[in-house]
Amino acid sequence: MIAQEILDTYEMTIGIECHVQLATATKLFSGADNDARDKDPNIATSPIDFGLPGMLPVLNREAVTLAVKAGKALNSDIAEVSRFDRKHYFYPDLPKGYQISQMYQPIILKGYVDAPLESGETVRVRIHHAHIEEDAGKLTHHGTHSLVDLNRAGTPLIEIVSEPDIHSAAGAKAYATELHRLMTYAGVTLGNLYHGNMRFDVNISVAKKGAAELGTRAEVKNLNSFRSVERAAQYEFERQIEILEKGEKVVQETRGWDDASGRTSSQRSKEDAQDYRYMPDPDIPPIVLTREEIQAIQETVPELPSYYRENWSVLGLDSSVINTALNTHAVATLLGDIYPLRANKDAVLAEFEVDEAGYEELVKKIFNWFVSIPEEEIDTDKLSSGLVGPRRLLGLAKLVASNKLSSTTGKQVFVEFFNEAYDGKSALEIAEVKNLIQESDEGAIDAIVDEVLADPASAKSVEDIKAGQEKAIGFLVGQVMKKSQGKANPAMAQQAIRKKLGV
Amino acid sequence: MVKISDFLNLSARENVERALAKAREHEAFHALLSLSEDRALERAAKVDAGEITGRLAGVPFIAKDNFLTLGDTTTAASKFLENFKAPLQATAIEKLEAEGAICIGKANLDAYAHGGSTENSAFGPTKNAHDQARVAGGSSGGSAVVVALDIVPFALGSDTGGSIRQPASFNGVVGVKPTYGTVSRYGVVAMASSTDTIGVLSADVEDAELVMDILSGQDRKDMTTLPDFFVPTLIESPKRIGVIKEFMTEDVDADVRARVTEYIEAMKTKGHTVEEVSLPMVKYALGIYYIVVPAEISSNLGRYDGIRYGARAEASSLGEVYGLSRDQGFMPENKRRIMIGSYVLSSGFFDAYYLQAQKARTLLINEFNKIFESFDVIVGPVAPTPAFKLGENTEDPVKMYLADIMTVPASLAGLPAVSVPAGVTNEGLPVGVQLIGPRKSDALLLALAKEGEK
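First to last, the sequence lines map onto chains A and B.
Each residue of the first sequence is one higher than the last, beginning at 26 in the working numbering.
Each residue of the second sequence is one higher than the last, beginning at 3 in the working numbering.
In short, the hints are calculated from the structure, not lab data.
We treat Cβ as the ideally placed atom computed from N, Cα and C, and that holds for glycine.
Careful, some of the hints might be misleading.
Claimed, not checked - Partner residues aside, some chain A positions facing chain B, computed with beta carbon under 8 Å:
(1) F75
(2) L84
(3) R111
(4) P117
(5) Y123
(6) I125
(7) R302
(8) M304
(9) P307
Using the sequences and the hints given, assemble the complete structure.
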């Protein structure tokens, strides 16, 4: 462990390369299925992916369209002419002996991403460029032999290369997270990190604060979660400082990340770096796009996170709430439909019997449900089917705001919105079916309070209250809630207790 | 020699049997690597039953063994693919089959089409149809010889730097190298992707024209193919003919020059204007070619690694699988080109060699474009000599490369070029004349060649 005072004298500099798997139906250069999930090895392949003699690549235009969309999300210009090149190396998962990539004239040019930090600040990361390329297959090792699976070979990717503009592990995580939002919002990728839809290579170097030159960098490859990006960056920061503090030199190399141990380890040093013998690919004519074509494609890109942040800023929510709500595109679009109100504003306010301020309170409740309820309890994939619409959510928020449901039972109803068994049922209907409506009937509450007070178990508390110990009221209210199975309005219960005990 | 029309409206089965018998009769020339008798007879039965009709119904042909075909192996004349059976067919084969033509076998070539004599075949050289002591030319040597020997009326070849034209010239048959992009390369073992073209060798021009008409056209499986522009045509007005000065120097065999000059004189008598034309850039063409083409070869041959198909050497590590499989699978000439190509693409040399060569290539193209403002067609010999002796050039690769000097310029510029028989030398060896035109002038070249036959 290095002392914090020493760490504080250093600064890290990070650039990130991110591989994004494009959500095309077929592969980049063949008609084979691009979705290899749950498929047997070498099923999602064609003779082209297999690299048979005489096979030629046929560019999937859908991949080009998605790259143009990605360019918009990255605030980048799109090249009117871009080309493919061959990157040569030998490995059993690379069927042709080369990977088709874009070395010299990439399709996506300079841009930037504004990534929100948890502190509420924003870090601007410039994009150097992004290019289209094909993925390689997969190799698994089994003792004396290895097996090749080409299902992933030829899957279209874009590789987004950032400038070294990040100076903290939190910043690296923020950038990775924001890239994920941008790419999923723009419809470029399915964004499934578990299936490796986005993979991050983190280039990191350290130097004394204020130093004129950057240190020697190490590249941690193939990180597939935001958290591992952050942890790997922090680990490398400390590892490299430790080396420098000992007066030694950081080696330029590729390192791997082990999530379980939380450490990086050396994989390949620069001396082993291959000469890729890049060459323009003569089989593929250049991609030529007119300004009009680029514009027409980019007009179809849905609203991006910045649009929602701007619209929601007036709600006064914590930026972490907003950014968490923005993590899933479907949640963002749903919340975007709820707030701000547009043409139908007056009708909606009338329907839920609120003024504008009251409406904002309803909206905040909805935000908090989405942010506070664990991902495992609600399947946000179901949002795309329209299962959970604005009207149901607002109806539920209104029930809670008007004390018909407690915040606890409100959450229960919210979770049930994602249950197809209650499809089409309003919040009130679900609450009634589940018998969750808060008891606000004075007579009914009085009856329960009487029961509680008559219970010998309450005797001690009653005495305490009469002796002026206010806290004891809470216990009795709790008893009332218990007896009512959580449905009693707690404020009314407290009032009834005070009245009956004359305090 | 036999023509397509000699086979039409006859029993397809008899056509196929006749061709197969002829092929066996001429085994000494080693023009063929395999016969696909079963499949050919099967297809013949379908033609005879009227299930397959078309402009080539029942006509037998032979494909260079770098075209993927069903029925037998596709070896590219290499040990590596000695037992390789393709699961699909080249677009060119599919198009011919759709017109009723029947592929009866596969012709010998220099392994992976690297060479100009068919001596680089892993299975032994093909002998010249006119003199078995001489080379067939190459790399489509087998395709030229099977036509010259009357086994089939036409054969398919590929031409990357002269591989159709030069063997056509050495064996006295017609050879067509179309404009780059005219015919789909899908399913043909790639040599150098930016100059690979698919064409035909035939006994006469009219047959070549028909086959080109069938083969040409855009293929969605090959992004470099052009929309079909090939329309057979006739010569209706005098053309401006340029004689390439650099190809008619004293370095060129006297008999070759004499035959070419006679051919040009005959063009004059048909009313065409003939002038000498200089192409100063062609002296760099060979240098450009032997940088760009090996670069692409080194890339295209990367897939032959012993992992997924082809011969895999016994080895104990991954590095050995690669090293030994490639060592055993490739011929010396393949290795030479892979090494040159890898060298010119390596970092530090890429700019000086590959990029520089591509720039020079652009200058060559510009020069051709300029010349075609003043000329409709330019002519010259196909090769500086008639067919040389077997073994004569095998010890000296540069001497072998020099034999390509007249064919590589059109390849680098993507231009159509036709090799037409122009008589024989005093020793009785065939000489070919080469007609080169601007891009997409393929039909015009064939019309001129047809006129020249009369």
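Verification of the hints:
1. Nearest Cβ of chain B to the Cβ of F75 (chain A): about 6 Å, under the 8 Å cut. The hint holds.
2. Look at L84 (chain A): its Cβ gets to within about 6 Å of chain B, closer than 8 Å, so that hint holds up.
3. At its closest, the beta carbon of R111 (chain A) sits 6 Å from a beta carbon of chain B; the interface hint therefore holds under the 8 Å criterion.
4. About 5 Å separates the beta-carbon of P117 (chain A) from the nearest beta-carbon of chain B, less than 8 Å, and the hint is met.
5. Nearest Cβ of chain B to the Cβ of Y123 (chain A): about 6 Å, under the 8 Å cut. The hint holds.
6. Hint on I125 (chain A) is violated. Least Cβ distance to chain B is approximately 11 Å, over the 8 Å limit.
7. With a cut of 8 Å, the hint placing R302 (chain A) at the interface with chain B holds, because the nearest CB-to-CB distance is about 4 Å.
8. For M304 (chain A), the interface hint holds, since its Cβ comes within 8 Å of a Cβ in chain B; the closest pair sits about 5 Å apart.
9. Checking P307 (chain A) against chain B: minimum C-beta separation of about 4 Å stays under 8 Å; hint holds.
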